[in-house]
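In the order they appear, the protein sequences are chains A and B.
Numbering of the first sequence is given in my numbering, commencing with residue 400 and proceeding in unit increments.
Numbering of the second sequence is given in my numbering, commencing with residue 9 and proceeding in unit increments.
Please note: incorrect hints may appear among the correct ones.
Unchecked claim - Here are the simulated SDA-like cross-link-like pairs (lysine to any residue), alpha carbons at most 25 angstroms apart as the crow flies: (1) Lys-730(A) to Thr-36(B); (2) Lys-405(A) to Asp-157(B); (3) Lys-617(A) to Glu-86(B).
What the hints assert, rightly or not - If the Cβ cut is set under 8 angstroms, some of the chain B residues that face chain A in the computed set are: (4) Pro-71; (5) Thr-150; (6) Val-261; (7) Phe-283; (8) Ser-304; (9) Leu-315.
Since the hints were derived computationally from the structure, they do not count as laboratory data.
Even for Gly, the Cβ is constructed at its ideal location relative to N, Cα and C.
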Amino acid sequence: MVAISKIATGNGHGEDSPYFDGWKAYETNPFHPIDRPDGVIQMGLAENQLCFNFIKKWVMEHPEASLCSAEGVNKFEETALFQDYHGMPEFREAVAKFMGKVRGDRVKFDPDRIVMSGGATGAHEMVAFCLADPGEAFLVPTPYYPGFDRDLRWRTGVELVPVVCESSNNFKITRAALEAAYEKAKEANLRVKGLLITNPSNPLGTILDRDTLKGIVKFINEKNIHLIGDEIYAATVFMEPEFVSISEIIEEVECNRDLIHIVYSLSKDMGFPGFRVGIVYSYNDAVVSCARKMSSFGLVSSQTQHLIATMLSDDDFVDSFIVESKEQLFKRHKYFTLSLSQVGIGSLKSNAGLFIWMDLRKLLKEKTFDAEMDLWRVIINEVKLNVSPGSSFHCDEPGWFRVCFANMDDNTMEVALLRITTFMHKHNEAMVPRKLCRRASLKLSLSRRRDDFMSQNMMSPHSPIPQSPLVRART
Amino acid sequence: MVSMSKIATGNGHGENSPYFDGWKAYETNPFHPIDRPDGVIQMGLAENQLCFEFIKKWLMEHPEASLCTAEGVNRFKETALFQDYHGMPEFRQAVAKFMGKVRGDRVKFDPDRIVMSGGATGAHEMVAFCLADPGEALLVPTPYYPGFDRDLRWRTGVELVPVICESSHNFQITRTAMEAAYEKAQEANLKVKGLLITNPSNPLGTIMDRETLKSIVKFINEKNIHLIGDEIYAATVFKDPEFVSISEVIQEVECNHDLIHIVYSLSKDVGFPGFRVGIVYSYNDAVVNCARKMSSYGLVSSQTQHLIATMLNDDDFLHNFIMESKEQLFKRHMYFTWSLSQVGIGSLKSNGGLFIWMDLRKLLKEKTFDAEMDLWRVIINEVKLNVSPGSSFHCHEPGWFRVCFANMEDNTMEVALSRIRSFILKNNESIVPRKLCRRSSLKLSLSRSLSRRMDDFMSPAGIMSPHSPLPQSPLVRART
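From just these sequences and the hints, can you work out the full model?
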């Protein structure tokens, strides 16, 4: 028997969870409009695929962004050799500028505080290594991105303590919830080193309002614990209210800046997860210094630094991209949520992210997580959509599902909606058969509504509008 | 007071060492042929800069290798979205093929065992995380790359125990040395989980012969500990004897393949350190599986995977590149070592790597590491060359220096050699002034013979060993 490490033989990698069933179903039978029209549609991957034509156009107009074109090859050698963990100055300046623009230029970011990492995945692990010892803990509001369980804990030995947020107040992060989590950690003899918030939220798609953010900053400052703000969805805020970053709040609230750190990435905002552009931005000099040394384990490829530097240094491109991206996301979000509401499916009111937090509590056989898993298996195997059940995000209440809407083209979106509609009709048919003719007219009204999406005069999709007869039948 | 982690506040990052003085000297006053002709020449960075013209020519002929050209842009979207930690199949196939070719196609590598990492730096850390728990140990033959102290230990908590290799044996790894290190670890209550060898060696530039490798494989198999072979310099072997990889030896020696792992990278062999292409290749399925999951922390940029896949899938390019690289390294190595021998400076006989292991023991005031540091400061501050002292590589004996020769152009090499010559001549002047006229004629014959000799460098066959100065320099004789 050959001995490897405990880390290697344990399951801290997080992949032994039942949630991978959805992925397996997708991988064995992925949807393709022509080759596999009955395959599983991927709605569990938070990708931003809506702006590639825009980006490709820029790429074609700027051959100097590539090291392999006639215009760029004279920089090939120096770039291929560049392995300085400070990162290329032009890369850091471009990223700092982009981060500022995404926040409406209400704050400026210092290029010298920009540290590279292997995607946001590497950034989170790196921050945990810098701030906490094995056995110490971070507080994390629920529901949260499942990857945190691996990224923050696996090789670091750091613990996570949930800050339970409830649907009754739209999953707000309250002072009471923060204090309760802090107490719970103490009772478990865990030393709390920091609080990690994701804003805009994954999986909720909501942003934190100014007062909540101020409350959070006051809390961590009082407890003298770190605040890590994962802001990787900052540019996906497609509608009012405007995004407020931690970087803005600390200008307004008394606080020790040595406690403040931001994790950023281009994976969601730009749609470049493959390029592994992760960023740690810290207001603490010692953390910047340490993180920079650690970044050696996951630097951004200099080839990619060069591309990103050229792209994000182009002010016109950046300004136009941010506007274009918001518009595409807004349209897609509106169409999706309205269509769902037409068949009686609501979701948490949101204005950001690449997904919605769908409310299927009414469809649960009973208010349990087992019932949620049963419903999920039906969605995967019968409706043939890979969505993510709320329990995988540590949601405190069963019945919520995260559904991604920005990772597919319009046609695929139509197919997905059709499947959902069919499923809901079948589901309700079993309940109220005489509503049949009304449903047919409902289908017709769906196509007319699409034109309404061009303008912002949208009603809230928070609850189905108008109150669907299908829903009424059940309550 | 804000509290961070122990890892952050400690000095496991390894940068508090005195060796950074050389870097600082270089950074404050770097050599430039026109702007700063008296600046410090960088000879402490093991980079391969000799083949870029060759590579650039290929790039210009293959626009499809880029995602940003008309020929490649149709792959931009799918590549930008590709974050699967298995890595692109074409990337793994191309790297597996390259690794095979570098070993003369004597072995085949399975693309499904190729796992990505953040450079060799990330690869080493990842392997340590997979194989050892905090407090457990890896054996490492000295002298070794200083980065191992950080990469293998810093965030992992793993310990390193040196396997002492001595100059009297040309620093070969002996069974005795391995057993001694293993014993020492046991006495210190450290559980040994593996042995890490670097072959070709950094800093020695030598390769391990077949017998040594077999003996190593037998040793780890008997002890049931892992063998990690860092082979990142495999393609830099520019002369016979031919490189022998662990991957070949395990076909010849009885051994549990679950113990065998290779670390690879394109930073040295191809000269792409900026692209962060690190590879872990393991014969152990559980390790491949675990490493693959860990690779999420340091995947290779898909943009770079695409470039490398296109480049290394071109068989003609591969074949020609490997040959061209060897030839350039051979010429540069020969010229450098021969020129040094002309002024009485010897180095360990080597046939690989991007550096030589220079022997300056004779120049030490006394046989101590303090004297080595003194000499080093003289070399940095007076000779204005940033070289790396042997103690930074944990060499057991003072007086050795690693000097890189492949990271500069010919003119800079000439300037470096001229400074070395002046330094040696000045040093001996103070000892034996009456050799003056002989030295001037030597100087003349040096320059004449240098240019004449350069032509000799075209063929590997006609070169004598630079192991000891040739011909026996009068300067050296004066000192002994």
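Going through the hints against the structure:
1. Lys-730(A) to Thr-36(B): Outside the cut-off at roughly 54 angstroms; violated.
2. Lys-405(A) to Asp-157(B): Distance of about 21 angstroms is within 25 angstroms: holds.
3. Lys-617(A) to Glu-86(B): violated (43 angstroms)
4. Pro-71: holds (7 angstroms)
5. Thr-150: violated (23 angstroms)
6. Val-261: Violated - the Cβ of Val-261(B) stays beyond 8 angstroms from chain A, reaching only about 17 angstroms at its closest.
7. Phe-283: Status holds, d = 5 angstroms.
8. Ser-304: holds (5 angstroms)
9. Leu-315: holds (7 angstroms)
Against the hints set out earlier in the document, violations occur for numbers 1, 3, 5, 6.
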